[in-house]
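Visitor: Just so you know, the protein sequences line up as chains A and B, in that order. In terms of numbering that gives the first Met the number 0, the first sequence has 63 at position 64, counting the first letter as 1, and numbering is strictly consecutive. In terms of numbering that gives the first Met the number 0, the second sequence has 424 at position 425, counting the first letter as 1, and numbering is strictly consecutive.
A couple of the hints might just be wrong.
[Said to hold, decoys possible] BS3-like mimics (lysine-lysine), calculated; alpha carbons at most 27 angstroms apart, straight line: (1) A:Lys87 - A:Lys169; (2) B:Lys116 - A:Lys169; (3) A:Lys29 - B:Lys461; (4) B:Lys337 - A:Lys177; (5) B:Lys67 - A:Lys151; (6) A:Lys89 - B:Lys116; (7) B:Lys461 - B:Lys337; (8) B:Lys452 - A:Lys169; (9) A:Lys89 - A:Lys173; (10) A:Lys173 - B:Lys106; (11) B:Lys117 - B:Lys134; (12) B:Lys106 - A:Lys87; (13) A:Lys30 - B:Lys282; (14) B:Lys282 - B:Lys134.
[To be verified] The following residues of chain B were derived to be distant from chain A, with all beta-carbon distances above 12 angstroms: (15) Asp2; (16) Asp197; (17) Glu354.
Hints listed in this document are in silico derivations from the structure and should not be mistaken for laboratory results. By construction, the Cβ of each residue, glycine as well, lies at the ideal position given by its N, Cα and C atoms.
So the chains spell out like this:
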Amino acid sequence: MWVTADCGGQVNRSCGKPEHVAWCAMNLIKKIHRIHPFFLLFLILVFPGNAWAVQSHGAPEGLYVHQLAHVFYTAALCYFFWNIHRSKFKSPGWRLLQVFCVLMVCWNIMAFTDHTLAAVINSAHITGGGDYLATRLRGPATAVNIWYYITKLDHIFSVPALFFLYLGMKGIYKSSVKEEEV
Amino acid sequence: MIDLPMLPAILIDMAGSFVIIVLSFLSLRYAFLLTRRQPENFLWGFLFYFCLTLACFSVSRAVGHLLKQILLISGRSEQWHILAPYSGGFNTLLMISLAAVILYYHKGIEGYRAIQKKARSLTHANAQLEVAAEKLQRLNQNLEEMVEERTMELSASEKKFRNFFTNSKDMVYFCDSANTLVNMNAAGLEMLGYSLEDDPKLQLNAIFHNEDDLDQYFETIISVGFVEDLEVEFVRSDGTVLYVLLSATGIFDDDRQFLGCEGIAKDLTRLRTMMEQLASSEKMASVGQMAAGVAHEINTPLGVILGYSQLMMDDFSPESEEGQNLEVIERQAKACRKIVADLLKFSRQSESKRENISINEILDDVLAVTEHSLNMDHIYVHRDFSNDLPTVVGDTEKIRQVFVNFINNAHHAMEEEDGGDLFLSSRYDHSANQVTATVRDTGHGIAEDVLAKIFDPFFTTKSVGKGTGLGLSVSYGIIQEHDGIITVESPVKIDGKDVSGTAFHVKFPAASEESESAIQ
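So here's chain A without its partners, still in its complex pose (with noise of 0.2 angstroms):
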């Protein structure tokens, strides 16, 4: 179906045509920020309950915050994963850019993996005594011991992450340069 829509009383265009839809699509973000107010005002007039003006937190509301940006991290990596693969770039330092978004998502899960496994490790089973160069792990061999003590060579991803994310934009660049020269 073509739909046409006012674009400042100049042109009409169709969104049905493959080159408007991303105007149309910015069109309508336009359009949903300008309702946004108002429907939050209308929530809250139809549904008044108790309006608590300051709300306290309680102390885990950090590192669930922390997760949910473990989590959001991984989701726009992987929509950047999946951009660059539709994109159909030339460059072949897209493709490094693609192992970056892998290996960064694989340290995210990682992350997430240790500070929650942080959380419900039995704290006596990390031992220094006093030095903390000299601390070990030291208990039962448990699925929640063994990926804690995993999970803490996080490097192992990122490092290799940022690697790629180098010879990535190191390839971008070459790729532009010589595009530019022919």
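Fit chain B to the supplied structure of chain A, relying on the hints for placement.
Guide: Just chain B now, kept in the frame of chain A:
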């Protein structure tokens, strides 16, 4: 039971943190270089902000980790516990920012992709335009070459027709709808007695001598579209008439409206004069043949009549009636014999001598005899003889008779006018190698209707008994016999003006050196 040292994790954490900072800034450097190279490229902008946020995150996290390790190693765990929430908070904030940059810019990338698509489409359109422009340029170039070629052809054609127009010996003219001659070549103007410098503004109706001819000319052009071989008379600037053969074509617009005409006229005056002379010559030749026949037939019985009448006169006394009658018969028979002799002279049947003659001497001889009687009748003679006159070959007596005839005719013409002037002139035309003698009087002249008949035998305007009408006929025969040309002009044109009187022009071929020496 497990017993694993945490030292490897601590060391990896510290080394990795340091390496991450280095790598993130190296990546940021390339992103920065990309934006520097192409500041307008949205994608590079995105990569720059992405790398910048990542570098901030890396610094935040790596510094936090390094600080943690250093503080814990140095036994200041309390300080780390104070800083830890801030480090975690920053890390969280920057991680969210990093994700937000990725998600926010994806829209930008979409826009950029659309722009790129548009740009590709524009590039394609531009390429097509370039192809079209190239094609157009080629066409334009071809067109220019074609125009140049056609211009040259047109110029050559124009030159060809211009040359034809300019160099034509016939009149070529163009006239507009108002009958004004807008263009006429030099030959045409010369034919009409004008020069190019005069640049005369002529009208067709001014150069046509007869209005009927002009009417016929336009009627034919309007109805048929052209006229072909129309014989008309044009008037020259001096008033003389030209006989021309005219062909012309009308110019019309799409609505058959007359715009003008273009024509070519050939001067036939000379040809017509020649034709008239030829016709006259033929007529005179046939008349001469007839006269010769008649003369021969009459001559014999006339001789017998004269012989017998003279014999009979011996038998009768001159005082007797018979004697007087016989004298009349003898006198009239002699008169007839003279007429017969003249006829024979006219028909060139009489014998002629061939000798070198000076025309000036002959004219002097004739005037010596006739001048006295001319003066008696108040006719005054004017001589204009050329000194470098060559001789001509012919019979002195016969040529003298020709001039006597002319002078006698002039005498008779001026006698009626109670005197006048007689002009005798001679000159030599080097180009034609001809000797011309002219006898001109100031008498009443010859009427136009009889001008063509004056050389006919027995044609006379004198009263009966005063002339036989053979004088000019005999003169014509004699001049023809001498390979000469005799022409008459009446009225006489002098300095462009018509003067009353008659002029006879006699042209003799000058004697060649061979014939001159042979006669001597």
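Visitor: Hints first: check each against the structure and report whether it holds.
Guide: To see whether the hints hold, each was checked on the structure:
With a CA separation close to 18 angstroms, the supplied pair Lys87 of chain A and Lys169 of chain A stays within the 27 angstroms bound. At roughly 25 angstroms between alpha-carbon atoms, Lys116 of chain B and Lys169 of chain A fall within 27 angstroms of each other, so this suggested pair holds. Proposed proximity of Lys29 of chain A and Lys461 of chain B is contradicted: the alpha carbons are some 132 angstroms apart, above 27 angstroms. A C-alpha spacing of about 132 angstroms is found between Lys337 of chain B and Lys177 of chain A, which places the hinted pair above 27 angstroms, so the restraint is violated.
Note on Lys67 of chain B and Lys151 of chain A: the hinted pairing holds, with a Cα-Cα distance of about 14 angstroms set against a maximum of 27 angstroms. Of the supplied pair hints, the one linking Lys89 of chain A and Lys116 of chain B holds, its CA atoms being roughly 15 angstroms apart against a limit of 27 angstroms. At roughly 19 angstroms between alpha-carbon atoms, Lys461 of chain B and Lys337 of chain B fall within 27 angstroms of each other, so this suggested pair holds. As the CA atoms of Lys452 of chain B and Lys169 of chain A are separated by approximately 125 angstroms, the hinted pair breaks the 27 angstroms bound.
Proximity of Lys89 of chain A to Lys173 of chain A is assessed by CA-CA distance (about 12 angstroms); at most 27 angstroms being required, the pair is judged to hold. For the hint linking Lys173 of chain A to Lys106 of chain B, the alpha-carbon distance of about 26 angstroms falls within 27 angstroms, and the restraint holds. Note on Lys117 of chain B and Lys134 of chain B: the hinted pairing holds, with a Cα-Cα distance of about 25 angstroms set against a maximum of 27 angstroms. In summary, the hint linking Lys106 of chain B to Lys87 of chain A is supported, as the alpha carbons are separated by about 17 angstroms, within the 27 angstroms threshold.
Distance restraint check for Lys30 of chain A and Lys282 of chain B: the Cα-Cα separation of roughly 122 angstroms exceeds the 27 angstroms cut-off, and the hinted pair is therefore not satisfied. This hinted pair does not check out: Lys282 of chain B and Lys134 of chain B have alpha carbons roughly 81 angstroms apart, beyond 27 angstroms. Separation of Asp2 of chain B from chain A is inadequate, the least Cβ-Cβ distance of about 5 angstroms not exceeding the 12 angstroms criterion. With a least CB separation of 73 angstroms from chain A, Asp197 of chain B remains clear of the 12 angstroms interface cut-off, as annotated.
Non-interface status of Glu354 of chain B relative to chain A is upheld: no Cβ of that chain comes within 12 angstroms, the nearest being about 114 angstroms off.
When held up to the earlier numbered hints, the structure conflicts with 3, 4, 8, 13, 14, 15 and fits the remainder.
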